[in-house]
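Keeping the supplied structure of chain A fixed, place chains B, C and D upon it in accordance with the hints.
Protein chains in written order, with the UniProt record's numbering: chain A, 1 to 303; chain B, 1 to 303; chain C, 1 to 270; chain D, 1 to 270.
If you're looking for bench data, these hints aren't it; they were derived computationally from the structure.
A couple of the hints might just be wrong.
To be verified - Below, in silico cross-link-like pairs of lysine-lysine (DSS-like), each with a Cα-Cα straight-line distance of 30 Å or less:
{"no.": "1", "chain 1": "A", "residue 1": "Lys302", "chain 2": "B", "residue 2": "Lys65"}
{"no.": "2", "chain 1": "A", "residue 1": "Lys232", "chain 2": "A", "residue 2": "Lys147"}
{"no.": "3", "chain 1": "B", "residue 1": "Lys65", "chain 2": "A", "residue 2": "Lys209"}
{"no.": "4", "chain 1": "D", "residue 1": "Lys71", "chain 2": "D", "residue 2": "Lys104"}
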Amino acid sequence: MELSLATSIGQIQLDRPVMLASGILGISLDVFNRLYRSGVGAVVTKSLSTEPWEGYPNPTIFSVKGGGWINAVGLSNPGATNFAKMIEPNQDVPIVVSLVGSIPEDFEMMIKQFENCKVTAYELNLSCPHVAKVGLEVGDDPELVKKIVTTAKNTTDVPIIAKVGLGTTHYLNTVSAAIDSGIDAITAINTVRAMAIDVETQRPILSNKFGGLSGTPIKPIALRCVYEISSKHDIPIIGCGGISTWEDAVEFFLAGASAIQLGSAVGDNWIDVFNDINNGILQYMKRKNYSSIKEMVGLAKKQ
Amino acid sequence: MELSLATSIGQIQLDRPVMLASGILGISLDVFNRLYRSGVGAVVTKSLSTEPWEGYPNPTIFSVKGGGWINAVGLSNPGATNFAKMIEPNQDVPIVVSLVGSIPEDFEMMIKQFENCKVTAYELNLSCPHVAKVGLEVGDDPELVKKIVTTAKNTTDVPIIAKVGLGTTHYLNTVSAAIDSGIDAITAINTVRAMAIDVETQRPILSNKFGGLSGTPIKPIALRCVYEISSKHDIPIIGCGGISTWEDAVEFFLAGASAIQLGSAVGDNWIDVFNDINNGILQYMKRKNYSSIKEMVGLAKKQ
Amino acid sequence: MQRNNNHTTIVTIEKVIDETPTVRTLVFSDDVMSNVLPGQFAMVWIPGVNELPMSVMISKESGKAAFTVRKHGPASTGLFNILEGQQIGIRGPYGNSFDLKEGKLLLVGGGTGLVPMMRLLTFVKPADDVTVLIGAKSKDEVFFEDLANNLLENNPHKVIVSTDDGSYGEKGFVTDLVEKLVSKSHFDGVYVCGPEIMMYKTVQSAHSRKMFVQASLERMMKCGVGICGSCCVGEDLVCRDGTVFDGQHLSTNKEFGHFYRNKAGILENY
Amino acid sequence: MQRNNNHTTIVTIEKVIDETPTVRTLVFSDDVMSNVLPGQFAMVWIPGVNELPMSVMISKESGKAAFTVRKHGPASTGLFNILEGQQIGIRGPYGNSFDLKEGKLLLVGGGTGLVPMMRLLTFVKPADDVTVLIGAKSKDEVFFEDLANNLLENNPHKVIVSTDDGSYGEKGFVTDLVEKLVSKSHFDGVYVCGPEIMMYKTVQSAHSRKMFVQASLERMMKCGVGICGSCCVGEDLVCRDGTVFDGQHLSTNKEFGHFYRNKAGILENY
Numbered sequence: 001m002e003l004s005l006a007t008s009i010g011q012i013q014l015d016r017p018v019m020l021a022s023g024i025l026g027i028s029l030d031v032f033n034r035l036y037r038s039g040v041g042a043v044v045t046k047s048l049s050t051e052p053w054e055g056y057p058n059p060t061i062f063s064v065k066g067g068g069w070i071n072a073v074g075l076s077n078p079g080a081t082n083f084a085k086m087i088e089p090n091q092d093v094p095i096v097v098s099l100v101g102s103i104p105e106d107f108e109m110m111i112k113q114f115e116n117c118k119v120t121a122y123e124l125n126l127s128c129p130h131v132a133k134v135g136l137e138v139g140d141d142p143e144l145v146k147k148i149v150t151t152a153k154n155t156t157d158v159p160i161i162a163k164v165g166l167g168t169t170h171y172l173n174t175v176s177a178a179i180d181s182g183i184d185a186i187t188a189i190n191t192v193r194a195m196a197i198d199v200e201t202q203r204p205i206l207s208n209k210f211g212g213l214s215g216t217p218i219k220p221i222a223l224r225c226v227y228e229i230s231s232k233h234d235i236p237i238i239g240c241g242g243i244s245t246w247e248d249a250v251e252f253f254l255a256g257a258s259a260i261q262l263g264s265a266v267g268d269n270w271i272d273v274f275n276d277i278n279n280g281i282l283q284y285m286k287r288k289n290y291s292s293i294k295e296m297v298g299l300a301k302k303q
Numbered sequence: 001m002e003l004s005l006a007t008s009i010g011q012i013q014l015d016r017p018v019m020l021a022s023g024i025l026g027i028s029l030d031v032f033n034r035l036y037r038s039g040v041g042a043v044v045t046k047s048l049s050t051e052p053w054e055g056y057p058n059p060t061i062f063s064v065k066g067g068g069w070i071n072a073v074g075l076s077n078p079g080a081t082n083f084a085k086m087i088e089p090n091q092d093v094p095i096v097v098s099l100v101g102s103i104p105e106d107f108e109m110m111i112k113q114f115e116n117c118k119v120t121a122y123e124l125n126l127s128c129p130h131v132a133k134v135g136l137e138v139g140d141d142p143e144l145v146k147k148i149v150t151t152a153k154n155t156t157d158v159p160i161i162a163k164v165g166l167g168t169t170h171y172l173n174t175v176s177a178a179i180d181s182g183i184d185a186i187t188a189i190n191t192v193r194a195m196a197i198d199v200e201t202q203r204p205i206l207s208n209k210f211g212g213l214s215g216t217p218i219k220p221i222a223l224r225c226v227y228e229i230s231s232k233h234d235i236p237i238i239g240c241g242g243i244s245t246w247e248d249a250v251e252f253f254l255a256g257a258s259a260i261q262l263g264s265a266v267g268d269n270w271i272d273v274f275n276d277i278n279n280g281i282l283q284y285m286k287r288k289n290y291s292s293i294k295e296m297v298g299l300a301k302k303q
Numbered sequence: 001m002q003r004n005n006n007h008t009t010i011v012t013i014e015k016v017i018d019e020t021p022t023v024r025t026l027v028f029s030d031d032v033m034s035n036v037l038p039g040q041f042a043m044v045w046i047p048g049v050n051e052l053p054m055s056v057m058i059s060k061e062s063g064k065a066a067f068t069v070r071k072h073g074p075a076s077t078g079l080f081n082i083l084e085g086q087q088i089g090i091r092g093p094y095g096n097s098f099d100l101k102e103g104k105l106l107l108v109g110g111g112t113g114l115v116p117m118m119r120l121l122t123f124v125k126p127a128d129d130v131t132v133l134i135g136a137k138s139k140d141e142v143f144f145e146d147l148a149n150n151l152l153e154n155n156p157h158k159v160i161v162s163t164d165d166g167s168y169g170e171k172g173f174v175t176d177l178v179e180k181l182v183s184k185s186h187f188d189g190v191y192v193c194g195p196e197i198m199m200y201k202t203v204q205s206a207h208s209r210k211m212f213v214q215a216s217l218e219r220m221m222k223c224g225v226g227i228c229g230s231c232c233v234g235e236d237l238v239c240r241d242g243t244v245f246d247g248q249h250l251s252t253n254k255e256f257g258h259f260y261r262n263k264a265g266i267l268e269n270y
Numbered sequence: 001m002q003r004n005n006n007h008t009t010i011v012t013i014e015k016v017i018d019e020t021p022t023v024r025t026l027v028f029s030d031d032v033m034s035n036v037l038p039g040q041f042a043m044v045w046i047p048g049v050n051e052l053p054m055s056v057m058i059s060k061e062s063g064k065a066a067f068t069v070r071k072h073g074p075a076s077t078g079l080f081n082i083l084e085g086q087q088i089g090i091r092g093p094y095g096n097s098f099d100l101k102e103g104k105l106l107l108v109g110g111g112t113g114l115v116p117m118m119r120l121l122t123f124v125k126p127a128d129d130v131t132v133l134i135g136a137k138s139k140d141e142v143f144f145e146d147l148a149n150n151l152l153e154n155n156p157h158k159v160i161v162s163t164d165d166g167s168y169g170e171k172g173f174v175t176d177l178v179e180k181l182v183s184k185s186h187f188d189g190v191y192v193c194g195p196e197i198m199m200y201k202t203v204q205s206a207h208s209r210k211m212f213v214q215a216s217l218e219r220m221m222k223c224g225v226g227i228c229g230s231c232c233v234g235e236d237l238v239c240r241d242g243t244v245f246d247g248q249h250l251s252t253n254k255e256f257g258h259f260y261r262n263k264a265g266i267l268e269n270y
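Next comes chain A alone, as it looks inside the complex (with noise of 0.2 Å):
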């Protein structure tokens, strides 16, 4: 029997199935490629913007001591013309470029940007929960949604991938209304808006007062996502959410994943992370006799 970890969400194909997620490490083609030799299947890129942004000044990230970290990065990123040129000479990294913008006519600019860009997919930013007009605010709005989804697919042809995330309004309607328009799959979920206060100063840490938790403390409800998407929808999911270890990895397959993203992780493990993880994959594959992730995807809601 020949054991692959090779995955395909959609028309996407993958030899890894464990993916960086956006935000993290996101800006260098060196970086993307070292990556990529220490074991992801896929890098998704810090979410551009048609213009360069600074994001929030620091403190933007913060750790919690129960686990995890809230991040109020602000969206910094070169913008996407700056990024496109960058990773112009990429010819082996899968890079998963990562959108956000308020309007369909940002994300038909941006993906313009890339024409000349080896893209393995584009991944539409709906669920930032600490930037106002690009972030949830899009993602909360089925009818927004829906256009910028249509425009991202009449512009290219490029697979194109909505990461939803816990906003003012259901995710479901997000996800449903992003099919109902042809997106290609579903990464799920964003980090979730909270704060931390320090009692001696008496003040919140992050500049931005709010950010995004990841981490650990988001796994269970991020797994809870995936497996009501793919109980409600035939639509390939990407798990994402607090995953650190295989273990964590085989239960999104389980819910319904076809593939994972992590970022957290790395800040705690650093990229040892992938290759640890994609070998935990393995050696459970063998125990179980699989011989693709394919198999266990799903296997959970059968229960």
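Quick look at chains B, C and D alone, frame taken from chain A:
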């Protein structure tokens, strides 16, 4: 300077600011008395329904590797009538009676059962994430919330608290609806819908599949909600979600809560947790020269 | 890294032993569970069926532990029906344990209440004079008699079986035997686990004569960690304060021996 | 319980020392930070202002540590303006440290780049022959000269100051002095921290002569733990792979000495 742990949540006066959250240990008056001796400011009962409920089969609770618990006890309770009889002898313990129902009449009927009981307040559980028809489906419907709160307020002069959580609509709409209908205080937040899957047996662990995530993982989310509510409304708030240390409690005071509730920490640290937190708050108050809880409520909003 | 006892561990059943037509012992490998104290329990998940509290049975082989289960409800029947090679989930151990005295000891067990008694026997000192009472309804429900004798082979000891119908051993309720024994001679420690009425009477018999007596209580449990409150007996939580309680303490508890709570939390009479 | 280095600890500034009109050292008590290795850094939160990476300065008193800060941007000016009795937050230590050779050593520091050099001096062996070069623009920006001499009082050593304008010590760039020294004699280890061009030239001078050389790099940092990517230099992350890099490695890095990234992550020329 006299140092006091007393706090007031609107008209509700408590000797101590740390309450036992609903669903925890709340079925026996003997236990309530023991908890009061152990330092709780008030006991919130299990959520009572018009009829006795057995709840879900086991497993009803799961300990998350990254911290916290997922439970789907399913609101098992002896029913409001039986419960009212049980607490009738109560003289000493401040008891907050938690109620669940699907229509305003449910709440009216139940409140009337307690006419001969010493009840400090009623807490309307509008946000259980794992029981259909009486949980988030109620809290997610602001019009229904208005009717329920109005009915409850017309049935009794005892203060009424609404407990909100992260559902499929914006919890701040639920808060606004409750305030518009004369609610006396808000408890934020309930557990967050979540799940766990066992990778060996490849099935959801809880018999109900989905449960509510509580404990340390949700603290940063709950703190954010308290801060958001207190920034938008002038309403007494009880903070709830992942509190296990005096620092956590103080964070919630600084965010705008006048009292706090905890439950999961009892599972981790048993009932010593109440006096541990009381003592920690007292030391903090001494160090910061406060004579009352009130002095620190909402301070983080001033920064 | 030490295992967090709240985290579910999956183990595979390696051996199934029929004790009686309705009682089976399921053996599995687990270092933590092989070393629990007498009176401690595990929460046992039968995937797809239920989860229930089980006193942890000893095993002859080191590093192994077991559960001895009698089938009655759906949960225990689910566990009873587990086959060799199947997996269950365990968490714990939870709870306190017996305070084992030295000298003349009386251990009283009924049904699967014998499980903590067998573990307790592994802790007796060679000089202890040990009497074990095994209560059963009839002959075909008697088990662990040989095991008790084996565990006590280096001790002065007696293992006495009583059956309600007299089909084996002495005839009558085991509690009548207890009353007879404690009225005749002083025991330095009396230990009991079994049906609540049996425990109540044993505690009464011993405590009224100022003997040190302990009982390991059983209640419906959901969480096992002091959150759900299902297992409260008066102001005590069996999972956190027990399972083992002193006769002195139990004699002041208004619910022990009289009431239990059903799944909705309503007090019902025994 | 050991402190998780990612958790912010609040400390109170106990003493403020004016080093120059624009450089101050802030002393505080913290066992963890008092024991960091040379090259390691902390993320320092100035409440209400910003958070920035700071190399941890030594203190004369045990159990104490310090930050030496030059005011230029809003963040460093916020730290510079902290008064005695005020609180800051610290997390870390993060990063690797210098590999200290034995024998003839050359330490080169510019401005607050002297901080890890001073800590490195606390690790030299008595037999080491140590030369410290302190580069500054002018006389009133020179600091730590006395401290370096004190730390080396038991060693054969030289502390040489150069100022760009010649107002104190030797006139000229410190990198010219480095070139002169390494061309005259072999050093067993060369260590540099300061402005990137100074580090780049020092690395070039030493590495081209096959001397072991290490530099402690500085980049904008947001997280300090390898998440945000702000501090990448080629494929290296200063926070995780550094701050200390070997000359051998740096000589293959296309960005070192030429480019840095601005807040939006765009490469800009030095």
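Structure-based check of all given hints:
At roughly 24 Å between alpha-carbon atoms, A/Lys302 and B/Lys65 fall within 30 Å of each other, so this suggested pair holds. Between A/Lys232 and A/Lys147 the CA atoms are separated by roughly 22 Å; this keeps the pair inside 30 Å, and the hint holds. A C-alpha spacing of about 28 Å is found between B/Lys65 and A/Lys209, which places the hinted pair at or below 30 Å, so the restraint holds. The straight-line distance between the Cα atoms of D/Lys71 and D/Lys104 is roughly 34 Å, outside the 30 Å bound, and the hint therefore fails.
The structure fails to meet hint 4 from the earlier list, while all remaining hints are met.
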